[in-house]
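Residue numbers (the working numbering), protein chains in the order written: chain F, 1 to 715; chain Z, 1001 to 1213.
Because the hints were derived from the structure by calculation, they are not lab data. Heads up, some of the hints might be wrong.
List time: in silico SDA-like cross-link candidates among lysine to any residue, alpha-carbon distance up to 25 Å [said to hold, decoys possible]:
#1 F:K19 - Z:D1151
#2 F:K35 - Z:L1073
#3 F:K35 - Z:Q1147
#4 F:K35 - Z:M1137
#5 F:K646 - F:E257
#6 Z:K1059 - F:D107
#7 F:K245 - Z:D1151
#8 F:K470 - Z:D1139
#9 F:K69 - Z:D1151
#10 Z:K1212 - F:S22
#11 F:K145 - F:E291
#12 F:K19 - Z:R1201
#13 F:K19 - Z:E1206
#14 Z:K1059 - F:E67
#15 F:K606 - Z:P1144
#16 F:K35 - Z:E1134
#17 Z:K1113 - F:G651
#18 F:K589 - Z:G1188
#19 F:K35 - Z:R1065
#20 Z:K1059 - F:V100
#21 F:K19 - Z:L1202
The following residues of chain F were derived to be distant from chain Z, with all beta-carbon distances above 10 Å [what the hints assert, rightly or not]:
#22 L16
#23 T200
#24 E257
#25 T284
#26 M358
#27 G463
#28 E467
#29 P479
#30 K538
#31 G562
#32 T607
#33 T662
Where chain Z lies over chain F, by a calculated footprint (3+ residues, C-beta under 8 Å) [to be verified]:
#34 165-175
#35 647-661
Every residue gets a Cβ at the ideal spot worked out from N, C-alpha and C, and that includes glycine.
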Amino acid sequence: MATCKYDWPEAAERHLIGKPISRIDGPAKSSGRAKYTYDINRPGMLFGKVLRCPHAHAKVTSIDISEAKNLPGVKAVRVIQGEGKEILWGGDEIACVAAVSEEVAEDAIRRIKVQYEELPFLVNEEDLERAQSQGHTRAPSVQTKGDPDKAFADPDVVISEGYYGAPVITHCCLETHGQVTEYDGSDHLRVWISTQGVSTIPQQFAEVLGLPATHVEAICDYIGGGFGSKFQIDRWGVECARLSKDAGGKAVKLMLERDAELKVAGTRPSAFAKVKVAAKKDGTLVAWQSEAWGTGGVAGAGVPPLPYVLEGIPNQSKKYTAVSTNTGGARAWRAPNHPQAAVLTLCALDDLAAKLEMDPIEFLTKNTGLAPEHLGETYNDELAKVAELSEWKKYWHPRGRGGSGRIRRGLGVSIHTWGGRGHNSNCDVLIQPDGSVEVRLGSQDLGTGTRTVIAIVAAETLGLPVEAIKVTLGDSRYPYSGASGGSTTVGGVSASTRRGSVDARDQLFAAVAPALGVPPDQLEAAAGHIRVKGNPAKSLSWKQACARLGTKTIQATGKNPGPCELGSSGVGGAQVADVSVDTETGRIKVNRMIAAQDCGLIIDMKTAESQVYGAMIMGISYALFEERVMDDQTGIMLNPNMEFYKLATIGDIPEFIVHMMTGPQYDRRGVIGLGEPPVISPGAAISNAVANAIGVRVPTLPLTPDKVLAALEKA
Amino acid sequence: MRGKKPKDAAQKGGNGAVTRRDFLRGASLAVSTGLLAADGAAVASPPESSAAAVVGPGKVPVTLRVNGQVHRLELEPRVTLLDALRNDLDTTGSKRVCDRGTCGACTMIVDGKAVYSCSLLAIEAEGRNITTIEGLMKDGRLSPVMQAFIDNDAQQCGFCTPGFVMAATALLAERRHLTPEEVNRGLGGNICRCGTYHGLRLAALEAAKRMKA
Ligand code: FES
Ligand code: FES
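Work out the full structure, taking the sequences as your base and the hints as a guide.
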């Protein structure tokens, strides 16, 4: 096998890569010492607050900030959207203040007087006809492939038709969006910001504020959740910097209040669809038809990729209509558009399998050839794995044959896919003469384990323990590394770290080769030593070797992309849900969730598994509880808080079995991202399990008791 | 479903109609005027002290005993214990997430009981023993609960983590024999968005085992 000098070590030579290793920032987090943006306190810091529009659609007819300005303790007041401005969703920013305390800032906000002319609005989209009649829809996009009419007309096919959907949900990051801004002199801006893209922040501020990007520093050591909603500096970020400027450069902390976080700081678009699917009697899929719609706020929504995964169905007819609503806008939500596409597709296919009286795992396995390229085999392996681990044969029964008792049990399955190729990343790897090692890069750790994988890769390459590596990230002054979105981080930072560490190690080899009396290419770094290959007795300890550097620090830059293939793209994944449904109360209990997930070469088994557990838990949350509730009468969000915007709590959590796919065929693919894929299937898998249990489909998520009872009544 | 939580019920505030801050303002008013019954019906009760003197609205001296140390502060009576510690004492391990008694991110241990510090006024905490996450480390060493969180990866972004560590610590102070159901109940008043509940459950059970040993 041809080798390339940066290649990942072979399985037999890996001491750390792929092992379960505790996250290196665990102690800082569990002891409360980790400082998040929300925790930054600067000398003389002011507090910023925002006044938000209480109407879904309105025109500002007048605004008076004089009383707020005159309040003692208020240092700056700014109008963000003043007289004449049309406001398109509830909660949009109108004005902001900075004051000596949060309490005074709140008082000042209350003293701002705004008058609005209220305008007509639409905030709910499930009723497509109403949205159309009010002019809130875009021209639909229509796509056809093959001859769907003919395929559906074939008397030998079995056809299933149904209605499915998933509503708008929010990101609800526990750390709200926000930042602390502070000027150093008149033209240097320092920003602590809760962001998924540290390296991208200076340019964003520079553009709006007219500063050189070199004069802006962004810092984010720890971030309390992003899930796709924290890439932009946002209007509140810009206004925070302006408040700082107006207040003579002082630090201003402006973190969103919880209600604003839920109203304006990110949603996942809804998706609803009428779907018709056809298969031959042996289960071979032949035709797909969907009429789908959804909203992501004023700007409409991204189109879910339909039919999901099994995109090779030969005959297709698809229509998608984007609905514009007067609601806070959509942002990328972990695996954008995929969880919705999974619900619309995998639930429809499950209904078809039931009609065919086929086991859905057999039905999917029969059709995995319709998945893109190399994934068919992966799905077959993963479906077989989840069938085995869930004891599918033992617990599954044909739909509706879950007995006649009050509590009915059922199993459901779903599959998913994601890209996850590593992003652009640069890092500096430093080896000091005293033996200490540091990797520096302008990346961020969202809690996915980024710091830890960087440390593992550097340690593996240098033959050191993980604790010997200092990882410094979260500051835009370090080498540019891409934003963390779309599961691109692990592939990017592990590859740049590998390349930088190999180069740094080779420089060290060159420095110590004379002392060991062999050419540098005869050396290896292992077990805390630099030693001669095949003759481990001839060696220097890491410290002795580094001492040979004299006063010269080794600094190597690693890049991604770069030489040698260290990663790729395109994963599968299968999940089974096992539920019990109380047919009297409509309550669903998830008993077990079983996952088989591939992601190429796994760097840290422990944090990789955590991603899958966490994603399935998020999935249970949106399958059973989460929904943004908008009031048709007033146009405002009714649950912008955490008691009525429901998230799963620990008692909702079932037993899990997580199986990571490993072995040479996965290693060969290099590192691929994992954040998104496992969050995609839970909605469809749980909905399918409920249908299996009670014999009837609950059409839309969340699967709340009232909907379960309504479905049972209709059956 | 949501097992909202038999923590210190007296400290749980907030319903859909009033914001936590408005409620607390009402409550502190009630303390001074005895009008509690009119306002507080929807929410669990603030402390009874109908004879208390009127304080505020300006700043008043407040003495807080935090992790064994006494701090003298000047605070408006409406300031919560959470905000006083975070904004005035730079003690930021406790997080502000829902700010109205739903999520547990602000959990502190006050006189031995886990409370939502966003739903307790700083002036109400005078004279009480307040322990925060910062107070759980002994001589720079991680507590057994913290160590169990690390070993079981009961954290991702970590923003909910201090609250869970405090809730688990309070739970384990009460009882060392924990069933999974008791863990669900004891940690059921805290919310994690990243979905670390699987690790949390294992961590709580393991901490219980280690502390028994
Ligand atoms: S911040 Fe106190 S309970 Fe949520
Ligand atoms: S670890 Fe992120 S909210 Fe719990």
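Verification of the supplied hints:
no.	hint	in the structure
1	F:K19 - Z:D1151	holds, 14 Å
2	F:K35 - Z:L1073	holds, 23 Å
3	F:K35 - Z:Q1147	holds, 19 Å
4	F:K35 - Z:M1137	holds, 17 Å
5	F:K646 - F:E257	holds, 17 Å
6	Z:K1059 - F:D107	holds, 15 Å
7	F:K245 - Z:D1151	violated, 45 Å
8	F:K470 - Z:D1139	holds, 23 Å
9	F:K69 - Z:D1151	violated, 52 Å
10	Z:K1212 - F:S22	holds, 24 Å
11	F:K145 - F:E291	holds, 15 Å
12	F:K19 - Z:R1201	holds, 22 Å
13	F:K19 - Z:E1206	holds, 21 Å
14	Z:K1059 - F:E67	holds, 21 Å
15	F:K606 - Z:P1144	holds, 20 Å
16	F:K35 - Z:E1134	holds, 13 Å
17	Z:K1113 - F:G651	holds, 21 Å
18	F:K589 - Z:G1188	holds, 16 Å
19	F:K35 - Z:R1065	holds, 23 Å
20	Z:K1059 - F:V100	holds, 13 Å
21	F:K19 - Z:L1202	holds, 19 Å
22	L16	holds, 16 Å
23	T200	holds, 19 Å
24	E257	violated, 7 Å
25	T284	holds, 37 Å
26	M358	holds, 32 Å
27	G463	holds, 25 Å
28	E467	holds, 13 Å
29	P479	holds, 24 Å
30	K538	holds, 38 Å
31	G562	holds, 29 Å
32	T607	violated, 7 Å
33	T662	holds, 19 Å
34	165-175	holds (count 4)
35	647-661	holds (count 8)
Comparing the model with each earlier hint shows violations of hints 7, 9, 24 and 32; every other hint is respected.
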